[in-house]
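Novice: The residues making up each chain are set out below.
2 protein chains.
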Amino acid sequence: MTSPLAERVKVIGFDVFGTVVDWHTSISREIEAIAPEVDGGAFALAWRAGYWPAFARVRRGETGWVKLDALHRIILDELLPRFGLQRLDEAAREHLNRAWHRLDPWPDAVAGLTRLKRRYVICPLSNGNIGLLTNMAKRAGLPWDLILSAEVFRHYKPDPEAYLGLPGVFDLQPGEAMLVATHQKDLAGAQACGLATAFVERPLEMGPGAAKDDARDPRFDMHATDFLDLADQLGC
Amino acid sequence: MTSPLAERVKVIGFDVFGTVVDWHTSISREIEAIAPEVDGGAFALAWRAGYWPAFARVRRGETGWVKLDALHRIILDELLPRFGLQRLDEAAREHLNRAWHRLDPWPDAVAGLTRLKRRYVICPLSNGNIGLLTNMAKRAGLPWDLILSAEVFRHYKPDPEAYLGLPGVFDLQPGEAMLVATHQKDLAGAQACGLATAFVERPLEMGPGAAKDDARDPRFDMHATDFLDLADQLGC
Numbered sequence: 007m008t009s010p011l012a013e014r015v016k017v018i019g020f021d022v023f024g025t026v027v028d029w030h031t032s033i034s035r036e037i038e039a040i041a042p043e044v045d046g047g048a049f050a051l052a053w054r055a056g057y058w059p060a061f062a063r064v065r066r067g068e069t070g071w072v073k074l075d076a077l078h079r080i081i082l083d084e085l086l087p088r089f090g091l092q093r094l095d096e097a098a099r100e101h102l103n104r105a106w107h108r109l110d111p112w113p114d115a116v117a118g119l120t121r122l123k124r125r126y127v128i129c130p131l132s133n134g135n136i137g138l139l140t141n142m143a144k145r146a147g148l149p150w151d152l153i154l155s156a157e158v159f160r161h162y163k164p165d166p167e168a169y170l171g172l173p174g175v176f177d178l179q180p181g182e183a184m185l186v187a188t189h190q191k192d193l194a195g196a197q198a199c200g201l202a203t204a205f206v207e208r209p210l211e212m213g214p215g216a217a218k219d220d221a222r223d224p225r226f227d228m229h230a231t232d233f234l235d236l237a238d239q240l241g242c
Numbered sequence: 007m008t009s010p011l012a013e014r015v016k017v018i019g020f021d022v023f024g025t026v027v028d029w030h031t032s033i034s035r036e037i038e039a040i041a042p043e044v045d046g047g048a049f050a051l052a053w054r055a056g057y058w059p060a061f062a063r064v065r066r067g068e069t070g071w072v073k074l075d076a077l078h079r080i081i082l083d084e085l086l087p088r089f090g091l092q093r094l095d096e097a098a099r100e101h102l103n104r105a106w107h108r109l110d111p112w113p114d115a116v117a118g119l120t121r122l123k124r125r126y127v128i129c130p131l132s133n134g135n136i137g138l139l140t141n142m143a144k145r146a147g148l149p150w151d152l153i154l155s156a157e158v159f160r161h162y163k164p165d166p167e168a169y170l171g172l173p174g175v176f177d178l179q180p181g182e183a184m185l186v187a188t189h190q191k192d193l194a195g196a197q198a199c200g201l202a203t204a205f206v207e208r209p210l211e212m213g214p215g216a217a218k219d220d221a222r223d224p225r226f227d228m229h230a231t232d233f234l235d236l237a238d239q240l241g242c
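If you read the sequences in order, they're chains S and A. Plus 6 on top of the position in the first sequence (first one is 1) and you've got the working numbering. Plus 6 on top of the position in the second sequence (first one is 1) and you've got the working numbering.
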């Protein structure tokens, strides 16, 4: 037995950072590998905290289109002196910046996506740029059918153009596409555009012991503990 | 032993229609299945012949962006009366138009791409739209790392923006990307932008007995008899 929602949806887009991959652990580890004296978790949180203000500047039209790799680098250069790491040279900064291409998936991600792919078209719907998402997928074995990115639509989430691009490229109605994310704000943006929505719990996203609101929220169409539970609920 | 070219190239884009998939046989078969009285091969050639004039109108800026599915449909509606098929209703026309999503790959394509994928990032670089290329890949088992399309860059080949988009999304130099195609004109466009080029023979592209120029052309960096030969030459 599959639900009307499972029948109606044809393509599933996934938020990536935090939802598919564990950025906190991967970034912490890369920082501590080159600077053991630094609190890697605090550095990861600070880097990530620069993310939304950077998008906001692009979304307000202040900069033209800037891909996430370049935004990450701007934030990184501002951050290094605060952590006593201004000594890092250009090559080290570029290598570190591409740590976002080398994030590890959550343990259930590859197996869950592989099951979901049998029945649905699956893709990232991420603010990450195309090259970042492709390199990440190739390294981690994420079995995407295609790479969709804010870069394709030249609009960062939560701009409606980014959400509506998912059904748009397949000539579907908004309700035939679904966004999966561990962030309420992202899902609310998709829902306002008419997409179906699934919340997935990622209690460790912000690091061990840090607060993360994973409570069931009746606004969203589905709530799953991980991608295997999502696949179960969708009959995959 | 691998060549300097094999070492330098990081991503390989593929022309799709004719190079990866056999449009002539697949379209002929679909036409003859619904209209046995029609010469399917002649219909396929006529449909395909509308392709470049349609791109030219978009490239001259006469229409704004129009995706290939919509161009195929305009050409189809013009073509049906010429073949006595004006009786086809809307549903039949839409189904037939999506025959381009259901093209079969050449026999060597999946095996060759699978080998090339071990070492390179591989993707279509096609005038087909994103949805068409995704549906085709999912049906045929084409193991792309990502889907690149004229739709991503809003420019049809041979506009330079389409060719330069391939290295661009990966922040590579043009010579670190290669186009594979069975069409000299397409490769010449890529070469003019600085991309590496590989010609692949597809003697049956235009149908059995039809002329197809597959001669070795010294302008291009590589010449291969099929994708397995290409993988051999690249040491994959």
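Hints are supplied without guarantee of correctness; some may be wrong.
Which copy is meant is left open, because identical chains are indistinguishable; a pair holds if it fits in one copy or across any two.
Derived pair list, reagent style SDA-like, types lysine to any residue, alpha-carbon separation capped at 20 Å [unchecked claim]:
hint: 1; residue 1: Lys123; residue 2: His107
hint: 2; residue 1: Lys123; residue 2: Lys144
hint: 3; residue 1: Lys16; residue 2: Leu91
hint: 4; residue 1: Lys123; residue 2: Thr231
Calculated from the structure, these hints are not laboratory results.
Novice: Hint by hint, note whether the structure agrees.
Specialist: Consistency of the hints with the structure:
1. For the identical chains of this complex, Lys123 and His107 are inter-copy neighbours only, at 18 Å across copies versus 22 Å inside a copy, given an alpha-carbon limit of 20 Å.
2. Taking CA atoms no more than 20 Å apart as the test, Lys123 paired with Lys144 passes in both settings, with 16 Å inside one copy and 10 Å between copies.
3. With identical chains, the CA atoms of Lys16 and Leu91 are never at most 20 Å apart, being 47 Å at best within one copy and 32 Å at best between copies.
4. In this homomeric assembly, Lys123 and Thr231 come within 20 Å of each other (Cα to Cα) only inside a single copy, at 19 Å, whereas the closest approach across copies is 33 Å.
In the structure shown, a violation is registered for the earlier hint numbered 3 alone.
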